[in-house]
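Residue numbers (the working numbering), protein chains in the order written: chain C, 1 to 251; chain Z, 1001 to 1329.
Because the hints were derived from the structure by calculation, they are not lab data.
Using N, Cα and C, we set each Cβ at its ideal position, and we do this for glycine too.
Watch out, some of these pointers could steer you wrong.
[Stated by the list, open to error] The calculated lysine-lysine pairs, modelled on BS3-like cross-linking and capped at a C-alpha distance of 25 angstroms, are: (1) 1018(Z) x 1059(Z); (2) 13(C) x 1135(Z); (3) 1059(Z) x 1206(Z); (4) 173(C) x 1059(Z).
[As the list claims (entries may be wrong)] Here are a few chain C residues that sit away from chain Z, every Cβ distance over 10 angstroms (derived from the structure): (5) 94; (6) 100; (7) 131; (8) 180.
Here are the chains, one letter per residue:
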Amino acid sequence: MSGMFAVMRKEWKTYFITPAAYVVMALFALVSAFFFYSMLAVFVVQSLGGEFGGGGNLNVNAQVLQPLTFDIGITLLFLLPMITMRLYAEEMRGGTMELLKTSPIRRMDIILGKFFAAFGLLLVLLFIAALYVAVVAHYGQPDLRSAAASFLGLALLGGAFLSIGLLISSFTKNQIVAGVITFVLFLLLWVSDWVTAYGNGAIAHVISYLSVTAHLQNFTQGIIDLKDVVFYLSLIVAGLFLTARRMELAE
Amino acid sequence: MLEVCHLSKDYGPFHAVKDISFTANPGEVVGFLGPNGAGKTTTMRLITGYLPPSAGEVKVDGLTVRTNALEAKRRIGYLPELPPIYPELTVNEYLHFVGRLRRLPARQRQQAVERACQRTALSDVRHRVLGHLSKGYRQRVGIAQAILHDPPLLILDEPTAGLDPRQILETRQLIRELAGNHTIILSTHILSEVATTCQRVVIINKGELVAVDTPDNLTHRLKRTETLLLQVRGPEALVTPTLERMDGVLQVAFQQAQQGVGAWQVEAREPAVREAIARRMVENGWGLQEMRPLELSLEEIFLSLTANQEQPPAPLALPPGQNDTGAIA
Chain C
1 MSGMFAVMRK EWKTYFITPA AYVVMALFAL VSAFFFYSML AVFVVQSLGG
51 EFGGGGNLNV NAQVLQPLTF DIGITLLFLL PMITMRLYAE EMRGGTMELL
101 KTSPIRRMDI ILGKFFAAFG LLLVLLFIAA LYVAVVAHYG QPDLRSAAAS
151 FLGLALLGGA FLSIGLLISS FTKNQIVAGV ITFVLFLLLW VSDWVTAYGN
201 GAIAHVISYL SVTAHLQNFT QGIIDLKDVV FYLSLIVAGL FLTARRMELA
251 E
Chain Z
1001 MLEVCHLSKD YGPFHAVKDI SFTANPGEVV GFLGPNGAGK TTTMRLITGY
1051 LPPSAGEVKV DGLTVRTNAL EAKRRIGYLP ELPPIYPELT VNEYLHFVGR
1101 LRRLPARQRQ QAVERACQRT ALSDVRHRVL GHLSKGYRQR VGIAQAILHD
1151 PPLLILDEPT AGLDPRQILE TRQLIRELAG NHTIILSTHI LSEVATTCQR
1201 VVIINKGELV AVDTPDNLTH RLKRTETLLL QVRGPEALVT PTLERMDGVL
1251 QVAFQQAQQG VGAWQVEARE PAVREAIARR MVENGWGLQE MRPLELSLEE
1301 IFLSLTANQE QPPAPLALPP GQNDTGAIA
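Looking at chain C on its own, in the form it has when it is part of the complex (with noise of 0.2 angstroms):
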């Protein structure tokens, strides 16, 4: 446990230490900020239309907060290969995996420490994210339950994310090669779902239930399913024990 902890504060502070962390959490920003700005700016004009007249349900929900949280979604799948494809490459380039390796902590502290380190740095992420919502809750009247459901989806689409990005790390010593096979993974698990519109045999199906942004969609309702979050939490827990038998065999 100790040694997880000590691994995560390293970690932790080498991301802020450098320039990494920060340009991570300004590129999100800025993105971010203008997918929050246009949608607000449309959902502005049309509820401007409202008053004349025009348009008829006007949701804030629907319309501004819902769409930010797959916007959200994708600036991380962009984002977190750039965080994650380091975390191993680096210890093994700079020799450093001899020292973690021959100290007196578990394999499971190393692969944990890097995990969390890396998840505490996308909670960061999205407390930035937050602040948009809290701008919506200071002029209108947005459903809270439903934006907090819908940050607990993406701080589990993140985990999820993070975690195979470790393992993917695990694979090579090659950054880049890394961060490409991360990153096209990522999308994969994206779009996946889009089989559902032209077949519907079993093995679409199972490639569809792999989709991350069906298993989002609940959680921007307002509604926490099980079904969700376990698929989130077997997905990091496959991916931080599949890094870990990667080096056991890499030995």
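Keeping the supplied structure of chain C fixed, place chain Z upon it in accordance with the hints.
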């Protein structure tokens, strides 16, 4: 303190380490000698538990590294070939991190960092970023992290590699200071390093154990004769036969002449022959410019040790018409 029993490591059909066994007693400094690629680093990685062995086992303080990993690793300090540093951390931050990894409680950790910095003369760079330090300092940081938790067993993989001559002397001094309280296994490919710091030498070649002995015994075993390098201002045609006729000289090989000064390599039966050679050169009016004994190089030790296993010792290159027992009459 350390028991290595029938240790092997295979990578597919390639045997990196083959059936190595040796022990190290408490307080002993054991030198691990071998050419590059002999399996020194692999053996050390097996001892520290970085790699699992294909066969055999390693015991530290009676604890098997494989099955009792955490307890065994607590007793080991390890300096890998490349100092395992994080370039973005400062020396202080780094050593505190290592202290946390080794589970030193906060107060003890502070003291341990102080002590390690003092011993390795790092105190004045404690707040500098590791990435900005020179190779010599990084190596010292590597040693500092290895001794941080005051482990009974220290494994140092080429601790003097890449250092300048003064740093090498300082590092050897440090190792001598650490010996006694710690059992030290250090690897090197420099023979003199072993002679000056180690009580026992383990020689490996191509993953196999070649010899385990004290440095003195090893040198004696191999050095039945003495090889001298001679620089003399004199005619080659006269000097060579004169040397060959002398008592105790086994073999003479002329090497080269530059501006009237010739170089000879002379193999003598005993060191006392040196005096006779000097006298003879002076008597003949030749200018004796240099005479020094040639150390047995590691390469020669290897050649003779590995040759011993298969065939009689390989003689040095002999001029035609001579046998290796004496000079021509």
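A quick look at each hint next to the structure:
Proximity of residue 1018(Z) to residue 1059(Z) is assessed by CA-CA distance (about 18 angstroms); at most 25 angstroms being required, the pair is judged to hold. Our distance criterion of 25 angstroms between C-alpha atoms is met by residue 13(C) and residue 1135(Z), whose separation comes to about 24 angstroms. Straight-line distance between C-alpha atoms of residue 1059(Z) and residue 1206(Z) comes to about 23 angstroms, which keeps the hinted pair within the 25 angstroms bound. Taken as a hint, the residue 173(C) and residue 1059(Z) pair is broken in the structure, with Cα atoms around 31 angstroms apart against an allowance of 25 angstroms.
The beta carbon of residue 94(C) sits about 7 angstroms from the closest Cβ of chain Z, which is not more than 10 angstroms, so the claim that it is off the interface is violated. Not every beta carbon of chain Z lies more than 10 angstroms from that of residue 100(C), the smallest distance being close to 7 angstroms; the non-interface claim is violated. Under the 10 angstroms C-beta cut-off, the non-interface status given to residue 131(C) relative to chain Z holds; the minimum distance is some 29 angstroms. With a minimum CB-CB distance of about 24 angstroms to chain Z, residue 180(C) clears the 10 angstroms threshold, and the non-interface call stands.
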